[in-house]
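Visitor: Fit chain W with the ligands to the supplied structure of chain F, relying on the hints for placement.
Just so you know, the protein sequences line up as chains F and W, in that order. Quick note: the first sequence, position 274, residue 1132 per our numbering, numbers continuous. Quick note: the second sequence, position 251, residue 373 per our numbering, numbers continuous.
Worth double-checking, as some hints may not be accurate.
[What the hints assert, rightly or not] List time: in silico BS3-like cross-link candidates among lysine-lysine, alpha-carbon distance up to 25 Å: (1) F:Lys1126 <-> W:Lys249; (2) W:Lys296 <-> W:Lys213; (3) W:Lys136 <-> W:Lys150; (4) W:Lys206 <-> F:Lys1114; (5) W:Lys136 <-> F:Lys1030; (6) F:Lys1105 <-> W:Lys149; (7) W:Lys214 <-> F:Lys1114; (8) F:Lys1119 <-> W:Lys249; (9) W:Lys244 <-> F:Lys1114; (10) W:Lys247 <-> F:Lys1126; (11) W:Lys136 <-> F:Lys1114; (12) W:Lys296 <-> F:Lys1119; (13) W:Lys150 <-> F:Lys1030; (14) W:Lys325 <-> W:Lys213; (15) W:Lys206 <-> F:Lys1105; (16) W:Lys205 <-> F:Lys1119; (17) F:Lys1030 <-> W:Lys149; (18) F:Lys1030 <-> W:Lys205; (19) W:Lys247 <-> F:Lys1119; (20) F:Lys1105 <-> W:Lys150; (21) F:Lys1114 <-> W:Lys152; (22) F:Lys1126 <-> W:Lys244; (23) F:Lys1126 <-> W:Lys206; (24) W:Lys206 <-> F:Lys1119; (25) W:Lys213 <-> F:Lys1126; (26) W:Lys162 <-> W:Lys341; (27) W:Lys214 <-> F:Lys1119; (28) W:Lys213 <-> F:Lys1119; (29) F:Lys1119 <-> W:Lys203; (30) W:Lys244 <-> F:Lys1119.
Honestly, the hints are just simulated from the structure, not real lab data.
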Amino acid sequence: MSNNSMPKKNPLSFQLDLSKWEKASAAEKEQQIVERESVTFFKDGMRRLWKNKVAITCAFLLIFIIVAVIVIPMVYPYTYSQQLGVAQKGQVPDSSYNGLKPMEYGATEQARIAAGEKIFPHLLGTDDLGRDYFIRVVYGTRISLSVGLFASIIVLIIGTLYGSISGYFGGKIDLIMMRIVDIIYSLPDMLMVILFSVVFQQTLAPLIEGTFFEKLGTGMISIFLVFALLYWVSMARLIRGQILSIKQQEFILTAKALGAKPARIIRKHLLPNCISVMVISTALQIPNAIFTESFLSFLGLGVSIPMPSLGSLASENLSYIYSDVYRLLVPALTICVIVLSLNLFGDGLRDAFDPKQKK
Amino acid sequence: MSENKYLLEVCDLKQHFNIPTGLFGSKKLKAVDGVSFAIKEGETLGLVGESGCGKTTVGRSILHLYEPTAGEVYYDGQLIKGKKAVNEMRKKVQMVFQDPYSSLDPRMTVADIVGEPLDIHKLCKTKAERDARIAELLKIVGLNSEHATRYAHEFSGGQRQRIGIARALAVNPKCIICDEPVSALDVSIQAQIINMFEELQEKLGLTYLFIAHDLLVVKHISDRIAVMYLGHIVEMGPANEIYNHPTHPYSISLLSAVPIPDPDYAKNHKRIVLEGDVPSPLNMPSGCPFRTRCPRATEQCAQEMPPLAEVAPDHVCACWNL
Ligand SMILES: Nc1ncnc2c1ncn2[C@@H]1O[C@H](COP(=O)(O)OP(=O)(O)O)[C@@H](O)[C@H]1O
Ligand code: SF4
Ligand SMILES: [Mg+2]
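Pulled out of the complex, with its shape left as it was, chain W reads as follows:
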C-alpha cells in the first residue's frame, strides 16, 4: 500500500437535475455543485451532512449512475470517461445502498443476488465454482451458506445489509462507496455492521467512501471527514481534527448536536441550535450556501462564495470569517 497514491479522485463534480415546472418549463436543481476530494488507497473518507445535502448523489455520480453534469472522476489515476471505462470501474468500485429492503430484488434468492455480479462480469466458469464463491462470500459477511436458497424477505434488516455487502464484495472491488449503510438499522445492529466494515477493510485492504448523517458513526470509522452542506463540501480534514477542532460554523453546530457521553463535560458544552431550515437546492442562496443560517454571516458572505482554504495541515475549510 503506497502511502501517497490516490485511488479515487473527484474533481469539481457537478450534478444538476432538471426539475420540470409546469408544462414546458424546467428548473435546475443543483444537488451537487462542485465537489472535489481524493481518497488514498486503504483510507476511509467519511462524508457527512444533513439529509438532502447531496451525499447520495455524490456517491451515485462517482459510479456514473447519473451522468455527471460536469467534473471528472479518476480511478487509480485513470479518467473515467465513456461506457467502457465506466464498466471497468464498476468492477473496482462498488456501492452498498442505504435501504436494505428495496435494494434487494424480492424475486431473487440470496444466491442469485450475491451471484449477480459474478454472472454480469462472467467471473465464474462453472456452476460449482459459482456456488463455492457464493458460499465463500456469505461466510465473509457472517451468513450461512444454507441461507443461499432463501428469498431476501425472509431476513432481518441487518442480515439483508450483509447480503448487500456480500454482493458488493463479489467482484473483488478495491473501493466501496457505503451510502448510509447503517442508518436504516437498529442501533444494536449498527455496531455489528460497522465493525464488520472495519474487519473487511483490514482483511481485504478496502478503501471506503463512507456516507452518513451521524457524525459519531463517521468519526469511529473514518480517517478523514468531509462535511457537506447544500451540494458543497464546506470543511474537510483528519477525523480527529474535525471532531475536536471544527472550524466551519456549520461543522461546529453539527458537532454541538452530537450527544456527549460525559455529563460533566456536557454541562459546560453549549448546544448551538441552527435557526431555519435548509434552503431548497432549487433556490440556492447567493455567495456562501450556509449564509441563511450562519451566526457569523456578513455582507461579504452574500456576495462571494468562500473557497476551500487550508486552516491547518491537510485541513481545509470554506468560510470568510474564521
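Looking at chain F on its own, in the form it has when it is part of the complex:
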C-alpha cells in the first residue's frame, strides 16, 4: 500500500510500518460491524432441541403414532366394536370368528375367499367376541393419547391458575393455598384415584344421562375429574415457585411503577416468563396421565365397554399370557413406547428451553 503522506520505510529497518496505522476508511469500518441476527428465545430453544437427537427421534415417533391413530380407523374396513361373527342384527354369532390368530379368517370369509373375493386380513386376529384386534389396539391408543392430552390440559389450567394466584399475591393467601396443596399432596394418590373412580362411576351415571357426556362414559369422566381434583398440585407448586422467583425481578416493580394492574402483570410479565416451564411440565404430565388411565382401565375402572383403551386391552388379554402372548404384548408395548417417547421428548424440551432446570 503506497501512500504519499506516509514516510517510506527501509525494508530492513525495525521501524514500525506506519501504513498499518492508517485510519480505516468508511468501507473498512462498515465491514467491522458484524450484525448478528436477532435471535428470539424460541428460535434459540428450537435450535438446541434440534441438536438433541434422542428427543427429535421420539418426537417423530410420536407424530407417526398420532397420525396413524387418526388415519387408520378412517381407512380400515372393520370398526372397533363390530363383532365380525354377527352378519345381521339379532343373529346368533358365528363362533368361528372368535379368537382368531393373526391373519386367519372366519368361516364365511374363507368361503368368500374360495369364491375368489379379496378380503382384508385381520392383522392381529380377533378377540374373544370376534372383534378385529388390530383396530381395537389402534383405537385404544387413540383413547389413551387423548385422555393423556386432555387430562394434562386440565392439570395445566387448574395448576397455572392456582399457582399464579398463590405466587403473585403471596403472604397469607399463599400460605393458606399452599397448605391446601400440601394436604392434597399428602393423600395416597393411587388409593384416592381408585376411590374417586368408584364413587364417580356410581354417582355420575344418572347425572349425565342423555347428554354428550354419556357417550364418553362415566369411566372417562371420572378419570378427568380425578385429574382435575388431585393431579394439579405439583403443577401448581411448580408455577408458584416460578412466579415467586420472577416476582423478585425488578421488571415487575417497573411495571408496577408504570401503573400496571395485577392482571396485566400476570398476563404480560409473569406467565410469558413461565411458559417454558408450563409447556415442559405438561409434556411430562401426559405420560403420567396415560399411565394412570391405563392403570385404572386395567383395574376395570377406566373407559367403559365397548370402548377400548390400552390398559383395558392389556387387562382383558392377561389370561392369554401363556397361549397368545402377543395379545398382551401389543397394548403393553404400545404404552411403553408412548410413555417413554413422551418422557424423553419432555426431557429434551426442558433441556432446550429451560437449561437452568437441567438435572
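Guide: Frame of chain F, contents of chain W with the ligands only:
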C-alpha cells in the same frame, strides 16, 4: 418555571418492614425513618449515602411501590392518597432503576418495553401512532428505531439503561426518580448517561431525584444534595455548600473518601476513615443514628436524636456538636 413552586414534597416519610424472626415473631426494620424534603420544579436533588441506608426505599415509597408506613407525599401540592391519586401520579413521576439487566423483561422486544406505559395509560390510539412514538422515544435516548424489534438481552448495559430511560419518558413525566442509574455501568459509559440526563432535563424541563452512592456523580448533576444515613437525612443543602463545606461528621468523612484529582491539594488532605460498620437497621442505635461511628459523639448523642437545624441559608444539618 416558577422559582418557588415545589413539585414533589415528602413529609416525614417512614417505611418499616416486618422481618419475620423464627416461626411467629417479627421485627421492625426501619429502612426509612422520618425523611422530609422538597424538590422544586426543574431542580435536581441528589440523594447520597452508603449502600443499605434506605435510598432505594425512599424512591420506591414515593411512588407507593411500597405502601409508606407513615408520612405524606405531595405532588404539585396534591396529597397522594388512595389508588386513583397514586395512579395519576405514576403518569407524572417515573423511575429509572439501578439494574439495567433485571429491570427489562427478557421476553419482550424493545418496542414492547418502551411501549408498555403507552399501552397501560392508553396514550396512543392507533398502532401507527404508537410505533411513531416509540421511534421518537428511542431517538431521544440515542438509540436507533431499528433496535425496536430486538430483545433486551442483545444490548449492552449502557444501551439497556437507555431503553429504561426511554420507557420512563414515554408518559411525558415531569419528574424522574433515578435510582443509581449509572452505578451498574462501566465508568466510560457513566459519563455518557449522566450527560444524557442533563440534556434531557434541559430539553424536557424535568425534575430529578437523583440517587447515588458516589458523591462526585451527584455533585456534578445536582443543584442540592441530601446525605442519608441509616434511614435519616443527616444533612441537606446546595450542592456546592455540601461539597466544599460539609458540616455533619458523616458528610465530612464521606467527602474525605472522594479521590481528589489535584495531588498538591490531596497531600494536605486528611482522609477520615470511619471505624466499624453501619449498624443493622434492625438494631438502630438510640439517639443519633451515627453515634456508633462518630468521632465527636458525646453523652447527649446517645440520649436524643438531633433535629435538622439550619447552619447556613438553605443548609440544614442534624448534629449536636457542630
Ligand atoms: N422489601 C423489603 N423488605 C425488607 N427489607 C427491605 C426491603 N427493601 C429494602 N429492605 C431493607 O431496607 C434497608 C435499605 O435498603 P435500600 O433502600 O435498598 O438501601 P440503598 O438503596 O440505600 O442501598 C436495607 O437494610 C434492606 O435490607
Ligand atoms: S449528633 Fe453526636 S453522634 Fe450524631 S453526628 Fe453529631 S456528634 Fe456525631
Ligand atoms: Mg439501592
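Visitor: Now look at each hint and say whether the structure bears it out.
Guide: Taking the hints in turn, this is what the structure says about them:
1. F:Lys1126 <-> W:Lys249: holds, 18 Å
2. W:Lys296 <-> W:Lys213: holds, 9 Å
3. W:Lys136 <-> W:Lys150: holds, 12 Å
4. W:Lys206 <-> F:Lys1114: Holds - the C-alpha atoms of F:Lys1114 and W:Lys206 are around 14 Å apart, at most 25 Å.
5. W:Lys136 <-> F:Lys1030: holds, 24 Å
6. F:Lys1105 <-> W:Lys149: holds, 23 Å
7. W:Lys214 <-> F:Lys1114: OK: W:Lys214 and F:Lys1114 at ~14 Å, within 25 Å.
8. F:Lys1119 <-> W:Lys249: holds, 22 Å
9. W:Lys244 <-> F:Lys1114: OK: W:Lys244 and F:Lys1114 at ~16 Å, within 25 Å.
10. W:Lys247 <-> F:Lys1126: With Cα atoms ~20 Å apart, W:Lys247 and F:Lys1126 stay inside 25 Å; holds.
11. W:Lys136 <-> F:Lys1114: holds, 20 Å
12. W:Lys296 <-> F:Lys1119: holds, 22 Å
13. W:Lys150 <-> F:Lys1030: Holds, at roughly 18 Å.
14. W:Lys325 <-> W:Lys213: holds, 19 Å
15. W:Lys206 <-> F:Lys1105: holds, 24 Å
16. W:Lys205 <-> F:Lys1119: holds, 11 Å
17. F:Lys1030 <-> W:Lys149: Answer holds: F:Lys1030 to W:Lys149 is near 18 Å, not above 25 Å.
18. F:Lys1030 <-> W:Lys205: It holds: about 22 Å lies between the C-alpha atoms, which stays within 25 Å.
19. W:Lys247 <-> F:Lys1119: holds, 20 Å
20. F:Lys1105 <-> W:Lys150: Distance of about 23 Å is within 25 Å: holds.
21. F:Lys1114 <-> W:Lys152: Between F:Lys1114 and W:Lys152 the Cα gap is close to 23 Å, so the pair holds against 25 Å.
22. F:Lys1126 <-> W:Lys244: Holds, because 16 Å separates the two Cα atoms, which is no more than 25 Å.
23. F:Lys1126 <-> W:Lys206: Distance of about 22 Å is within 25 Å: holds.
24. W:Lys206 <-> F:Lys1119: holds, 12 Å
25. W:Lys213 <-> F:Lys1126: Since the Cα atoms of W:Lys213 and F:Lys1126 sit roughly 20 Å apart, the hinted pair holds (cutoff 25 Å).
26. W:Lys162 <-> W:Lys341: OK: W:Lys162 and W:Lys341 at ~17 Å, within 25 Å.
27. W:Lys214 <-> F:Lys1119: holds, 17 Å
28. W:Lys213 <-> F:Lys1119: Status holds; Cα separation ~14 Å.
29. F:Lys1119 <-> W:Lys203: Holds: F:Lys1119 and W:Lys203 sit about 17 Å apart, inside 25 Å.
30. W:Lys244 <-> F:Lys1119: Distance ~13 Å between W:Lys244 and F:Lys1119 Cα, so the pair holds.
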